[in-house]
Amino acid sequence: MRNIAYIAINVVKDAARRKIFYVVFLFGLAVVALSPLLPTFEMGARAQFLRDVSLSLTALFGVVLAVILSVGQIPGEIDRRTIYNVLSKPVSRLQYMAGKYLGVIAALAGILAVMGLEVLVLIYVRLGVFTPVVFQGVFAVFLESAVIAAFCLALSTFATVPVNVFATVLFYLVCHVKTGFLHEKLVEGATGFVRVFSWSLYYVIPNLENFNVSLQVGYGGGVPATQMLRITAYALMFIAIFLIIGYLVFRRRDL
Amino acid sequence: MTENAISLRNISKSYRTGLRRKRKTAVEDLSLEVRAGEIFGLLGPNGAGKTTTIKVLLGIVFPEGGSGSLLGEPLGGRAAHDRLGFLPEQPYFYGFLTAEKGLELYGKFFGLDRASLRQRSGELLDLVGLSAGNHLTLDKYSKGMLQRFGIAQALLNDPELVVMDEPSSGLDPVGQKEVRDILVHLKELGKTIFLSSHQLSEVENICDSVTIVNRGRSVKEGNLSDLLAARGLTRITLKGGGPDAAERLGQVSPQVSRQGEETLLDVEGVRVFQALEAAKDLGMELVSVKPYQQSLEELFLETIRETSA
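Here the protein sequences come in this chain order: V and D.
Counting from 1, position 8 in the first sequence corresponds to residue 8 in our numbering; the numbering is continuous, with no gaps.
Counting from 1, position 134 in the second sequence corresponds to residue 134 in our numbering; the numbering is continuous, with no gaps.
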């Protein structure tokens, strides 16, 4: 267990010095901060709209950061050969992979917490309203980013970085349209291959729309605790599935 | 401690390469044994399978055939790794760490507490000639400094077995000598050292036994002094004798050469007296009679030539 923590801490330290990470992070903060200046916002200035827009942008940057942080963790260490020295120590591949993942989500949690705080301060400064409910939305964004990071890390055990980025973006898009397009295909009674394919995708892949609570947070009413628990369990299930698949590939992979 | 620190039996490993994913053999039917407490050298030309052999030992790649043990534990497991030190070829470390932080990270994997880690790190940085308190990060280190750091991290856990892939790579002659001294000191402490090296003089100076690999196969192995004396020749060194001396001695043994003022004659043991008689008849002065030992370089080149044909 200690080895997992040491690897995770090392991932966070490594993340903290990456320039691209800061560029995306600062850009995300800037966009969140500038969102009240958007023309559409000016037309209907409401606290809920500000919460909604800020949270949606946070979600987008959360996913981008999840990909940036996780996509190169294992392939990068194999390319730089730093992995040899770690695995020659009494560190198992399971500990290594678990440490990598925990490090990624710890870094994500830190960044998203800062972005959430930014939204909170922004709303307070602009509208004089203190809305800690924003952190429910940020937590949902964190869960979604954690699922994406698990998918990306699992894929990185066998795919190259460009293939992984492409596949993860595709995965993200498909997981967001599944409630719309795929459900329509099923409900509308598609037949044959399209039906089987739609059905498989619909039930096998996660529905990332479950993590979209920006409207509920936007209206200021908050998200019921049962719903938060449900989406947490939902995220944990898919994170476990992806990491197990990734580990099964990684445990016997020649490095 | 087990009798054999390392035992590999009939290890085979191939990789798929190129667009057609054609199999390329890296190691084929390789067996070797490293006795506890010795310095063992794994030699071979580039691409001979040395690094793959080390990766198999460390569980970084998985063999397709064969079996083995590492410090008495089955190959591929992690049980022996807390008694193992490893220096990779051209060491790569986390560049954003300083030497002390790097040693702290690697040391933690062995369960060393903070106080013993600090003490051990200081000792090892002194041993390899890197000053503690140096705030340069590892990505600013020269190749030689990285190599020194690599040696330090390989010794953090006071290992029973140290596996070193090209330990002198990137070091100046002084550094190379220091590494040799460290390895000899480790042997005196009862450690086992597995060395893969292209520095044949280094191997010849410090190794007890060697295995030469070529094209993934073990082509020569054994105790180094036995291998170098294996031809059973005696070298007679003579002086004087006139310009035709070498030609006349050639009738006793074809292996005659000149080295400055001296004539060197390599003869089989049974013909030593005959050669000495001939030299006496030629009026030559005897300088020395010694069992002839090949240099490791000669043995290596000869072995590779024979097995590459």
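Keep in mind the hints are simulated off the structure, nothing from the lab.
Don't be surprised by glycine CBs; every beta carbon is placed ideally from N, CA and C.
Misleading hints may appear alongside valid ones.
[To be verified] One-sided and incomplete, this derived list gives chain D residues near chain V with beta-carbon spacing under 10 Å: (1) 21; (2) 58; (3) 60; (4) 84; (5) 88; (6) 95; (7) 153; (8) 273; (9) 290; (10) 292.
[To be verified] Chain D is faced by these chain V residues, among others (derived, beta-carbon under 8 Å): (11) 8; (12) 84; (13) 92; (14) 254.
Restraint outcome when residue 84 of chain V is required to lie within 8 Å of chain D by C-beta distance: 5 Å, holds
Does the closest beta carbon of chain V sit nearer than 10 Å to the beta carbon of residue 84 of chain D? 7 Å, holds
Interface hint outcome for residue 21 of chain D [beta carbon to chain V under 10 Å]: For residue 21 of chain D, the interface hint is violated, since the closest Cβ of chain V sits about 14 Å away, which is over 10 Å.
Residue 95 of chain D as chain V interface residue, shortest Cβ-Cβ below 10 Å: 8 Å, holds
If you take the shortest Cβ to Cβ gap from residue 254 of chain V to chain D, is it below 8 Å? OK, holds: residue 254 of chain V within 8 Å of chain D, min 4 Å.
Hint validity - residue 88 of chain D Cβ closer than 10 Å to any chain V Cβ: Holds: closest Cβ of chain V sits about 5 Å from residue 88 of chain D, inside 10 Å.
Can we keep the residue 8 of chain V interface hint, with Cβ of chain D closer than 8 Å? At 12 Å from the nearest chain D Cβ, residue 8 of chain V fails the 8 Å test, so the hint is violated.
Restraint satisfaction for residue 273 of chain D [CB to CB of chain V, less than 10 Å]: 56 Å, violated
Hint validity - residue 58 of chain D Cβ closer than 10 Å to any chain V Cβ: Constraint on residue 58 of chain D satisfied, holds at 5 Å.
Proposed interface contact between residue 290 of chain D and chain V, which counts if any beta carbon pair is under 10 Å: 43 Å, violated
Have a go at the residue 153 of chain D hint: is there a Cβ in chain V nearer than 10 Å to its own Cβ? For residue 153 of chain D, the interface hint holds, since the closest Cβ of chain V sits about 7 Å away, which is under 10 Å.
Is the interface hint satisfied for residue 92 of chain V? The criterion is a beta-carbon contact with chain D at less than 8 Å. 6 Å, holds
In this structure, the hints that do not hold are numbers 1, 8, 9, 10, 11, in rising order.
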